[in-house]
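In the order they appear, the protein sequences are chains A and X. First residue of the first sequence: 1, per the working numbering; consecutive thereafter. First residue of the second sequence: 1001, per the working numbering; consecutive thereafter.
Careful: at least some of the hints might be erroneous.
As the list claims (entries may be wrong) - Stretches of chain A that chain X covers, calculated by requiring three or more beta carbons in the stretch to come under 8 angstroms of a beta carbon on chain X: (1) 31–41; (2) 60–67.
Stated by the list, open to error - Computed cross-link-like contacts, DSBU-like style, restricted to lysine-lysine with a CA-CA straight-line distance of at most 35 angstroms: (3) X:K1009 to A:K69; (4) A:K26 to X:K1018; (5) A:K104 to X:K1009; (6) A:K56 to X:K1038; (7) X:K1041 to X:K1018; (8) X:K1019 to A:K69; (9) A:K69 to X:K1038; (10) A:K26 to X:K1041; (11) X:K1019 to X:K1040; (12) X:K1038 to X:K1019; (13) X:K1019 to A:K70; (14) X:K1018 to A:K70; (15) A:K69 to X:K1022; (16) X:K1018 to A:K56; (17) X:K1022 to X:K1009; (18) X:K1036 to A:K26; (19) A:K104 to X:K1053; (20) A:K56 to X:K1019.
FYI, nobody ran anything at the bench for these hints, they're computed from the structure. Fair warning: this is a prediction, and the values are worked out from it, not measured in the lab. C-beta atoms are modelled at their ideal positions from N, C-alpha and C, and glycine is treated no differently.
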Amino acid sequence: SQQGEEDPQALSIQEGENATMNCSYKTSINNLQWYRQNSGRGLVHLILIRSNEREKHSGRLRVTLDTSKKSSSLLITASRAADTASYFCATASYYGNNRLAFGKGNQVVVIP
Amino acid sequence: DTEVTQTPKHLVMGMTNKKSLKCEQHMGHRAMYWYKQKAKKPPELMFVYSYEKLSINESVPSRFSPECPNSSLLNLHLHALQPEDSALYLCASSQGVGGRWTEAFFGQGTRLTVV
Chain A
1 SQQGEEDPQA
11 LSIQEGENAT
21 MNCSYKTSIN
31 NLQWYRQNSG
41 RGLVHLILIR
51 SNEREKHSGR
61 LRVTLDTSKK
71 SSSLLITASR
81 AADTASYFCA
91 TASYYGNNRL
101 AFGKGNQVVV
111 IP
Chain X
1001 DTEVTQTPKH
1011 LVMGMTNKKS
1021 LKCEQHMGHR
1031 AMYWYKQKAK
1041 KPPELMFVYS
1051 YEKLSINESV
1061 PSRFSPECPN
1071 SSLLNLHLHA
1081 LQPEDSALYL
1091 CASSQGVGGR
1101 WTEAFFGQGT
1111 RLTVV
């Protein structure tokens, strides 16, 4: 199954700084999604970008998608201590196949 | 209601026990998922139900048996598990619109320990 892959995998930043994470994938997709996970509990959906979109914003989040390079980035601006979490990208295949495949994830630590 | 509810939150079971994990959603979603997540790893897809039918089985051992009694409920029956099956088990649901699947909503998971 397709897996998104993020790079880097661990990031430690000061509060107020921006955090950027990258994700690459291997095959055609319907959409790419980013999720946050706190302390090994449930995942929370952050943002979804469709294959025909190039950039999307939601609050302090900015996601880009480059289908020619099969890559995406997640930018969190003006980070807060509460942003400390693991962040995963996940890819959804095309029509009729709702398999959602997760990449390795990034551990982000925001230092107050 | 945008919640996916999983019970129990924690479960400790012996290798000879039979137990079930339960998941419920009332968002009218027609796809429901079971994921397994080990510490510091991404979630791994186990099963997908679409419109109450098993549509994806990622070659999961038969000691895990999914069941979808109706569109709101998803169970995972456990029998004769091994210690390496200890993990966080996550349930999720999503909606299909015009053949395209939207974001997934996750429950808080069941932390399973097999002793």
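These are the hints, each one checked on the structure:
1. 31–41: Holds, because 5 residues of the segment 31–41 of chain A bring their Cβ atoms closer than 8 angstroms to Cβ atoms of chain X.
2. 60–67: violated (count 0)
3. X:K1009 to A:K69: At roughly 40 angstroms apart (the allowed maximum being 35 angstroms), A:K69 and X:K1009 break the hint.
4. A:K26 to X:K1018: violated, 39 angstroms
5. A:K104 to X:K1009: holds, 24 angstroms
6. A:K56 to X:K1038: Distance of about 31 angstroms is within 35 angstroms: holds.
7. X:K1041 to X:K1018: holds, 26 angstroms
8. X:K1019 to A:K69: Status violated; Cα separation ~45 angstroms.
9. A:K69 to X:K1038: Judged against 35 angstroms, a Cα distance of about 30 angstroms means the pair holds.
10. A:K26 to X:K1041: With a Cα-Cα distance of about 19 angstroms, the restraint between A:K26 and X:K1041 holds, given a limit of 35 angstroms.
11. X:K1019 to X:K1040: Given that 35 angstroms is the threshold and the Cα spacing comes to 25 angstroms, the pair holds.
12. X:K1038 to X:K1019: Holds: X:K1038 and X:K1019 sit about 19 angstroms apart, inside 35 angstroms.
13. X:K1019 to A:K70: Violated. X:K1019 to A:K70 sits at ~42 angstroms, over the 35 angstroms cutoff.
14. X:K1018 to A:K70: violated, 43 angstroms
15. A:K69 to X:K1022: Given that 35 angstroms is the threshold and the Cα spacing comes to 40 angstroms, the pair is violated.
16. X:K1018 to A:K56: Violated, because 46 angstroms separates the two Cα atoms, which is more than 35 angstroms.
17. X:K1022 to X:K1009: Holds - the C-alpha atoms of X:K1009 and X:K1022 are around 10 angstroms apart, at most 35 angstroms.
18. X:K1036 to A:K26: Distance of about 22 angstroms is within 35 angstroms: holds.
19. A:K104 to X:K1053: Holds: A:K104 and X:K1053 sit about 29 angstroms apart, inside 35 angstroms.
20. A:K56 to X:K1019: violated, 43 angstroms
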